[in-house]
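Chains L and Z, in that order, are what the protein sequence lines are. Going from the first sequence to the numbering used here is simple: count from 1 and add 1476. Under the numbering used here, the residue at position 294 of the second sequence is numbered 286, and the numbers go up by one with no gaps.
These are computed hints drawn from the structure, not numbers from a lab. By construction, the Cβ of each residue, glycine as well, lies at the ideal position given by its N, Cα and C atoms. A couple of the hints might just be wrong.
[To be verified] Derived lysine-lysine pairs resembling DSS-like cross-links, with alpha carbons at most 30 Å apart:
| id | chain 1 | residue 1 | chain 2 | residue 2 |
| --- | --- | --- | --- | --- |
| 1 | L | LYS1759 | Z | LYS(-3) |
| 2 | L | LYS1505 | L | LYS1570 |
| 3 | Z | LYS290 | L | LYS1903 |
| 4 | Z | LYS229 | L | LYS1887 |
| 5 | L | LYS1959 | Z | LYS193 |
| 6 | Z | LYS307 | Z | LYS317 |
| 7 | L | LYS2008 | L | LYS2030 |
| 8 | Z | LYS(-3) | Z | LYS336 |
[Said to hold, decoys possible] Incomplete in silico selection of chain L near chain Z, CB under 7 Å:
| id | residue |
| --- | --- |
| 9 | GLN1853 |
| 10 | ILE1856 |
| 11 | TYR1859 |
| 12 | LEU1861 |
| 13 | GLU1865 |
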Amino acid sequence: MVDEETIRVVRCGGSELNFRRAVFSADSKYIFCVSGDFVKVYSTVTEECVHILHGHRNLVTGIQLNPNNHLQLYSCSLDGTIKLWDYIDGILIKTFIVGCKLHALFTVAQAEDSVFAIVNKEKPDIFQLVSVKLPKSSSQEVEAKELSFVLDYINQSPKCIAFGNEGVYVAAVREFYLSVYFFKKKTTSRFTLSSSRNKKHAKNNFTCVACHPTEDCIASGHMDGKIRLWRNFYDDKKYTYTCLHWHHDMVMDLAFSVTGTSLLSGGCESVLVEWRDATEKNKEFLPRLGATIEHISVSPAGDLFCTSHSDNKIIIIHRNLEASAVIQGLVKDRSIFTGLMIDPRTKALVLNGKPGHLQFYSLQSDKQLYNLDIIQQEYINDYGLIQIELTKAAFGCFGNWLATVEQRQEKETELELQMKLWMYNKKTQGFILNTKINMPHEDCITALCFCNAEKSEQPTLVTASKDGYFKVWILTDDSDIYKKAVGWTCDFVGSYHKYQATNCCFSEDGSLLAVSFEEIVTIWDSVTWELKCTFCQRAGKIRHLCFGRLTCSKYLLGATENGILCCWNLLSCALEWNAKLNVRVMEPDPNSENIAAISQSSVGSDLFVFKPSEPRPLYIQKGISREEVQWGVFVPRDVPESFTSEAYQWLNRSQFYFLTKSQVTAPLKKAEESLPTTPFYFILGKHRQHQDEKLNETLENELVQLPLTENIPAVSELLHTPAHVLPSAAFLCSMFVNSLLLSKETKSAKEIPEDVDMEEEKESEDSDEENDFIEKVQDTNNTGLGEDIIHQLSKSEEKELRKFRKIDYSWIAAL
Amino acid sequence: MAGYKPVAIQTYPILGEKITQDTLYWNNYKVNVGDNEGGGICVYANFSSICYTLYALTENCTRKIIFLLFKCTDLRSFRAVHTVDFTADKYHVVSGADDYTVKLWDIPNSKEILTFKEHSDYVRCGCASKLNPDLFITGSYDHTVKMFDARTNTSVLSVEHGQPVESVLLFPSGGLLVSAGGRYVKVWDMLKGGQLLVSLKNHHKTVTCLCLSSSGQRLLSGSLDRKVKVYSTTSYKVVHSFDYAASILSLALAHEDETIVVGMTNGILSVKHRKSEAKKESIPRRRRPAYRTFIKGKNYMKQRDDILINRPAKKHLELYDRDLKHFRISKALDRVLDPTCTIKTPEITVSIIKELNRRGVLANALAGRDEKEISHVLNFLIRHLSQPRFAPVLINAAEIIIDIYLPVIGQSPVVDKSFATSRTCRKEIDYQRELLETLGMMDMLFATMRRKEGTSVLEHTSDGFPENKKIES
């Protein structure tokens, strides 16, 4: 469809399944749920996704079966349209354009040609229930502008609206009152609960409402866990209500069964309660559903219920309260501590899942494969309770080993820390706990890495901690004549001037270990555990650290908190280049030497792909996301692609996936070749043209090679030794001045490009302190041009560049 | 849906010797005999394979036994015979002596058949093959072990042990030869022409004697370092070791390992008998339900119209877990504070306290206790508070108790006595000070030993000392 190759961001998975109530088809064979911009159709028996209904251009906010034709489905979206689908074939039948944002959708069998929707018209937080008349027309797109107002000042959530007794009335709840609108009489009755500040009524707020299908009875859920059953509400004075109280916390959702004989309720206890005959005595429970029940729905045939949970799953439950199927999406209701990892065996994405679990998520099928219980303790859901968190995890030795770290910190001094090492068992095809280490460090573990060299015969793990030590753990033979066993023990403990260890990383061949201690990077020999050398840039704490791979294995990259990206050459032990880039995520590609870095600015996140050997990036993509990107990972492709364009070759063997902070709107994306024309493509396509014009300039301004300071040994020595190791300034002065005299002579012979305004040699000589030096390099980033790049450009290009420099710099500020 | 997950009980590694089937087997001897053969030193011990009686040779009576055996005339030529053994056909005897000779005697004629003069030093040990009547081996102080064949008049094989050989042993199959000398025990493969199979160095001093267990699965070696070590003959790893009061010179095992005899330099012959494995059937077992009650309903074959409803198997939960499952926190705590639990398995009690703390209900569980109940808690705390493995959890619990019960202090003498733990505190503080001193000394040693490089390579000094623990008294 698209001739030229372009790269775009595709939202690829992990979409929410629990945003709205799921809807059953009339025969209970299918279940529908909204999922971002799509509607997903699942089979209730096999749990498989049957269709994905594409078409909406914004978040889908409501779905309902067409009451007149049970093979059709209405959906509404924030893009202001109501669409009618044939869900069996997955075809869009009709689009009704309403024109304002629709927040929920309701259908009533009696009102044949109209549906109800929640809209907000004037102010952003005032919502109205309106009836939308759907005109009968044969065309595909129909304007439906005929809105008639029903109720005002209602809650945005569709849980707070319920149509009762075959559409005779509609009940809406908000804060402390319940309003009932009678369609025939066109009157509204309003019932208010006391909202006094005293303890008894403080949490009287309504949370949800449900109407009895046949009788005049309204059930309402409250913040304090009570359920009230309202009757006789035709009369403003004589109305009555009864209370049902089991939930200890807020009632999240209510639903009547089809016949109305029982009422279902759920909350954060993750227990589904069935109240039979609406009495307090007669109740049945289905406990241990795993997470807070957010929505409950009932199939029209009456044989199935379903509950949507906060951990992004839908459980289908039989009438006799037996769970029959679980549709599980990517769990993301908690913050992700472990980052994104790829299981080398299954190629599944691995990250924090349910509390205390690691989830293995297949990116190909957009489906959770399984959960690995790491913490193995009963999860108590209570507000304000400090839970054990799974903070770090790492795979090693081609997926044979998994290391996990869990911690719980109640007070400053009371830290519980546990490291677990899991071995993959081929027989059971799963991970089995091998070693449990209590308090591996005195303080939080900041980084964890395995030595993944192919030739290494002994698995090695390194942990870095805030207590100032890094520890090397090795697998030792624990077997005696009675049993064969292996276990992990500590082999070496290293530290550097009691600084906090912040990161650790093994080189590709496993011969070197880099550990960063706040601002200082130390390189250790992995055989003798001797300190080989240190790098210090005085540019803030090291946030990310990684070695180059393959041809670039002599380089070490470090990103600091002050927004400097440094590249050191391990052969010369000198800084190769640095660049001003506020790196949030830095990920090496396992299949090539490329490294992806995502920088964060006030506008959004930008992606840079580069090789450590060259300071100019291979590829830049601006604005991949508006929010902060939290984690990223390269995923190897099963079948390599062949992009001809040089800028996209980095995607040949791997894809890049990333996860943004607010996981609600933009969950998981991948950069990939574009297939259909979509709005994304248009935006990016335009952006690309714009970008091409400025490509050269961008490169040079973003990343500038350092002047070749290694030509002057005294200066480089001065610059590359940490300040605290240096002797006094008086001692160094004469040596330093001498070196300058010498260097002047050598420099004079050297070619200096004429159009470099600021001579970099001069800078490097002038700088007598590292901080000073770096600041000046940053200046060059903005104004000067790197030597090497100049050499590669022809004269005509240089001229053009000079023009550019004069013309436009405003966009830099926008980055 | 996942069921209740039981509380994870923290396990601690058991220090000291691991209990294996070998330790159980070899520890199952009782000491009942301590013989002293008239001041003589027992240098040789062996069990006759026929009559199960013990022959022990001491320095004094060596010649007597030889006299009895041979009644020969030329005994004057004997210079301290140190080894004799019957060959496989029982008609000949091999002897090795300090005159460097190895001789083969014919018993019926009391005549010397063959003399080998190949050794260049004292011959101190020998052993005849159990399979071939013509083969026997001797070990000598000239560091060699030689195998002789009565048919050839010369040695057929010679292996270099490296130290004066004190003892040799042939495996029942005859394929492997074990020699002991110096600190080494070496195993040689005879079928490969005397190739060294394995060299064991597990003793601190000279190994003096060797012995095989009756099954052939274990090899025993006794040494001057007062230890007998038991090796597995498959992996040649030490599986057990005995300690004796004095240096060991001789060692023997009776048939079926019933008795172990060790002769020592202090003249004592230690004889240990295996304890009889009395079947403990003293307590009549309570009558269990019949087998049919267990399989009731389980062997029912599904008929055509039946609907099978599977019920998940009920997981066994400990009593405290059952209480915790139903949020009966005080009851769960009471259960684990029971003396039977606190004495035998304090780690369970601590784990439950930790779990209650994790659930945020420890204060609730500890509150509202009467004098007797609170003294249970306090006794447990006082006993285990100073143990580093329990300290972090118990200090927290102690603080909570102090917070709760401080207003009512002084009302009960029993509780007040428990609270007054100033002595424990002082002891703990002294202990900590001592530890810190040691640590300082170790640091100084490390500092002097550190290499001159500017690296701060710090070997792991296990400074897992708990903080000073104090209970306000």
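To see whether the hints hold, each was checked on the structure:
1. L/LYS1759 - Z/LYS(-3): holds (25 Å)
2. L/LYS1505 - L/LYS1570: holds (24 Å)
3. Z/LYS290 - L/LYS1903: With Cα atoms ~29 Å apart, Z/LYS290 and L/LYS1903 stay inside 30 Å; holds.
4. Z/LYS229 - L/LYS1887: Distance ~48 Å between Z/LYS229 and L/LYS1887 Cα, so the pair is violated.
5. L/LYS1959 - Z/LYS193: holds (23 Å)
6. Z/LYS307 - Z/LYS317: holds (13 Å)
7. L/LYS2008 - L/LYS2030: holds (14 Å)
8. Z/LYS(-3) - Z/LYS336: Holds, because 24 Å separates the two Cα atoms, which is no more than 30 Å.
9. GLN1853: holds (6 Å)
10. ILE1856: Hint on L/ILE1856: holds, closest Cβ of chain Z at ~5 Å, below 7 Å.
11. TYR1859: violated (10 Å)
12. LEU1861: Given a least distance of 5 Å, the restraint on L/LEU1861 holds.
13. GLU1865: It is violated, given that the least Cβ distance between L/GLU1865 and chain Z is near 12 Å, above 7 Å.
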